[in-house]
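Input sequences plus hints: build the corresponding full structure.
Here the protein sequences line up with chains A and B, keeping their order.
Read in order, the letters of the first sequence correspond to residues 1 to 158 in UniProt numbering.
Read in order, the letters of the second sequence correspond to residues 1 to 158 in UniProt numbering.
Careful, some of the hints might be misleading.
Covered by chain A, per the in silico footprint, the following chain B stretches (three or more residues, Cβ under 8 angstroms) [as the list claims (entries may be wrong)]: (1) 1 to 10; (2) 112 to 119; (3) 130 to 138.
Source of the hints: derived by calculation from the structure; they are not laboratory data.
Built from N, CA and C at the ideal position, the CB exists for glycine as well.
Protein chains: 2
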Amino acid sequence: MTDIIEAYLKKVLHQQEQVEIRRSEIAQLFDCVPSQINYVINTRFTIQKGYLVESKRGGGGYIRIIKVQVLDEMDMLNSMIDIIGDSINETDARSVVHKLYEDEIISKREAKLMLVAMDKSLYTGERLIDNRLRSNLLRTMLANLKYEEPNKRKADNS
Amino acid sequence: MTDIIEAYLKKVLHQQEQVEIRRSEIAQLFDCVPSQINYVINTRFTIQKGYLVESKRGGGGYIRIIKVQVLDEMDMLNSMIDIIGDSINETDARSVVHKLYEDEIISKREAKLMLVAMDKSLYTGERLIDNRLRSNLLRTMLANLKYEEPNKRKADNS
DNA sequence: TATTAATAGTCAAAAATAGTCAAACAACTA
DNA sequence: TAGTTGTTTGACTATTTTTGACTATTAATA
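Structure (structure tokens):
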């Protein structure tokens, strides 16, 4: 089942760079429970595989899958994410950002923004907690630098 | 429905810098209850998104939506910093970042980095505390965008 | 000035979505 | 066969939108 739904979505994505579905409709179409769709998405449309997923609940809700282009810096970023681990202090975090800047993976402005976010004074004051929060933030930022969304179309809403 | 009404109003605002409507008329036009219009306005035309709303009740009442105009980048950043105040929730913070991106004050990558840092899941879980931390971080980031450092000289400290 | 009509605003309940998580099940593997 | 891994299911949760009863404000009229 998972494979069938995956194939269906990929077929659409082969022609368009994004799909938007209504979870319940797809579930009905394939005669499965709605949460099966989440399973398919969580296992087959991950960022590692080059997909970005957005969704909205409530009336007019949807799930949107976007094919993204994975960048060359991916390996570098992945290994940095590994190195960071689940906790990092401000000094080390700054070094990571500096290195990214030196390696021209991020611009100066981007580096400044990231450094601001690494600043101790912004956090709670509990060292252990802060180091975890910081690691979370830094790793998520790096993860977001790994890919690039397709070009925006002219008649973009949002 | 909300999206449709939003699109309608934005279309008008694309040509004029303000719209004035009669709530009941628009509700009738789109066949929805009048309070739906308030919902659209409250969720889609906030100050964080760059709109001002004025209204009057009673005979000849109206709702007026005005697109705020700012002169330049510095102005925009300053007014956003003002709007943020000392506390901001995730939704509003996202609106601010989005607006800066739309107005080409920040790049898409910068926007992504900033959005990551606004994410609720990153914080402590205490709403009031989180909103303060988020405001601090966002305002500091914006403040850092206001100026550009001079070119690095050889004997650069920092 | 007091009353009524004509507006718009608020708020909370209901409806319409999607997400999470763990238990049951299935398919493989040592 | 026992253990491991991947899949399916459904009960429960979270979020967003829609709706309508009630309130507030302003203008028109008596």
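Numbered hints the structure breaks, given as an ascending list:
none
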